[in-house]
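If you're matching positions, the first sequence starts at 35 in the numbering used here and goes up one per residue.
Each computed DSSO-like pair below joins lysine-lysine, with the alpha-carbon atoms no more than 30 Å apart:
hint, residue 1, residue 2
1, Lys-166, Lys-195
2, Lys-302, Lys-200
3, Lys-646, Lys-437
4, Lys-662, Lys-273
5, Lys-89, Lys-620
6, Lys-100, Lys-117
7, Lys-117, Lys-440
8, Lys-371, Lys-687
These are computed hints drawn from the structure, not numbers from a lab.
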Amino acid sequence: MYLIFDTETDGLNIRTSKPFIVPYAVVDKNLNIVKIKIAHTNNDIEMQEFLQHLKDIPTIVGQNIKFDLHMMLNYGIDFNLIKDKNYIDIGVLARLVVDHDVQTDKTFQMSLKKLAVRYLGVDSANEERQLKMELSQLVMEHKAKMQQYFESYNLWPKYNKTENTKRINEVYNNWNKVFHLYPQLADKRRKFLKAYPEPTYADVSNVETYALTDVKLTYGLFKLWYPEVVRKQQVPAFKRTSEAVIPLLLMERQGFTVDVPRLMRDRKAILREWAKVKIIDPRTGEELNIGQHAKLKELYEYESGMQLTCADKDTRKSIEEKSPAARAANYIAKMEKYLSTYITGILNKLTEIDGEYKVFTQYNLAGTVTGRLSSDFQQFPRDPLELRDGSLIDIRGWFIVPKDYKYMFFLDYSQMELRLQCEWTNIIQGEPDLNLARAFSPYQCSLINGTYYLNENLNEAWKPTDLHALTAKHAFPNIDESHPDWNHYRSLGKRTNFAVNYGASPAAVASALNVPFKTAEDLVNGYRKAFPGAVAFAKWIRKRVWSIDNIPNLMFRRYYSRNSHQLLNWLVQGSGADILLEKLRKVYDYIQDKPHWQFMISVHDEVGYVVKDIPQEQLAQEVKEIQKLMTHSMTAVDIITDIEYSTTCWSDKKEWKNAL
DNA sequence: AGCGAGCCGTAC
DNA sequence: GACGTACGGCTCGCTG
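Kindly generate the complete structure, drawing on both the sequences and the hints.
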């Protein structure tokens, strides 16, 4: 038996929003619907019936099912009711079953409605349109009401029509970006929203029809694709993803704790500095925003007298001396980015829970073609931004150890993709690329008196290969560490290694590294000489795609593709993704009876945790055990994590040396 | 006014 | 069709 369910809710916050209806379907083992109905959360009898199914049926099906689990927890169900289920997510099925070259096509979209149109021939766009129209009507009324509320307190001046629209939209939709411009409205705005909450789907008339349609579409895709998982030999990847649902659910509910005062100080510093610089078109006196790329490009061309292809930061940098506008834009762009994306973004999501400010994310299980997770926590800037007035804006410093906890721990895999690539060279050749392997371990070396020596030359001690130096030396045979510009050449080698691993051609290397084509060719040839195994891997893929319709990654997720260029990276990136998924479950099993450990974040090759104040010996032992659980052994080299920790904030993390 | 494409900037 | 995988904000043109 299978239980398909969905929830319609009063919001999208995974910790505070509540479901008001639970449409569901019970499906038998032949994949036929035996019951389909809606439980209203304010009707205990209906909910009892649904919860009995939830208790009895071991396999749960949904579209983005993790979100609905959050809603059920917010409704108040016992965690034990959901922790041992099998989970089937429609998006995950799509990623495993749909031809991967279709998935990368521009016309392929992952939303339930689009998938239903494409694969079931069912178009529910009208229902969705009606739902959205009704909600948008209610929102417009609500917005007008807010303005009237301000007017009734004489807080809203008579603007002309255009100005009024702009202002009320700002105040209504973009408050967290502009509140410093309207201090007189803050208190009343809060009071208004408390008295008259924003309309939600709960206020829309056709929401039940709409919700049932979603369940039917989910059922249709489930029935179509579930049998394909076996036929397409995707069971390992399918199970691994299903088993990661609960660990990720817990990670999402932990979220990040925010140092709001620090964030607000940084906001002020940026606004103060931003006010000093403007981008003005000298011909018209018009002020331009950083987002007006087309107009800015034209202005840069006018000021620099050069023909430009785009208006991005590299272009601006190259004409900075000639163009005052480019100079101004170079300074403003980063402040704009930080304010809009990070500061306003976090303020919009800020949730107060038990006296702490938190932000939450959701990990999309089906966000990528390779199997990686994706989330909006994956792009917090690493490096601080230094303003001209000396302030340092360090975004990762806004995230702090929550109360009741003492540590953050970050276990990140070291050079994960290079190690995986090394393993691939072993798979296809029967032996790993020697240079890659020796970057990470004394491969084909002999231990003599505590020192490793190379087997082919026992007079030479092993030391880890410097992969980037190696490419540089092969590219420029006359240059080595003694050259005054060695750092520059090594940097070229490093960037070439990354680019070529992603499939770059000499032309792309030339453009990315800003070097002549001939130099780029030398660099690419340097790479090819340095890592013959990697070259063989690319060649193996090109041959393999024509002999068979899929290639499994190292963890047996299969990519049905003939695109050898993309497979070059998919097979590496996807292997890493699957290892991480598997490790999340392993660690979850270990910390289940250790509630002083909680998952906090995961980004592609790292897992972050929060830990309570426990005895140091116990802490050291458990950290070690988790590192061990996260280690992935392979033929020539292992994939192993570094360990960092912090007792304050994310950006202050330091190496963990096993003794505090 | 709502939507979506395109551009840009951030992460691994 | 040729450096991979993502997400979010902004602008602008299209649509009705």
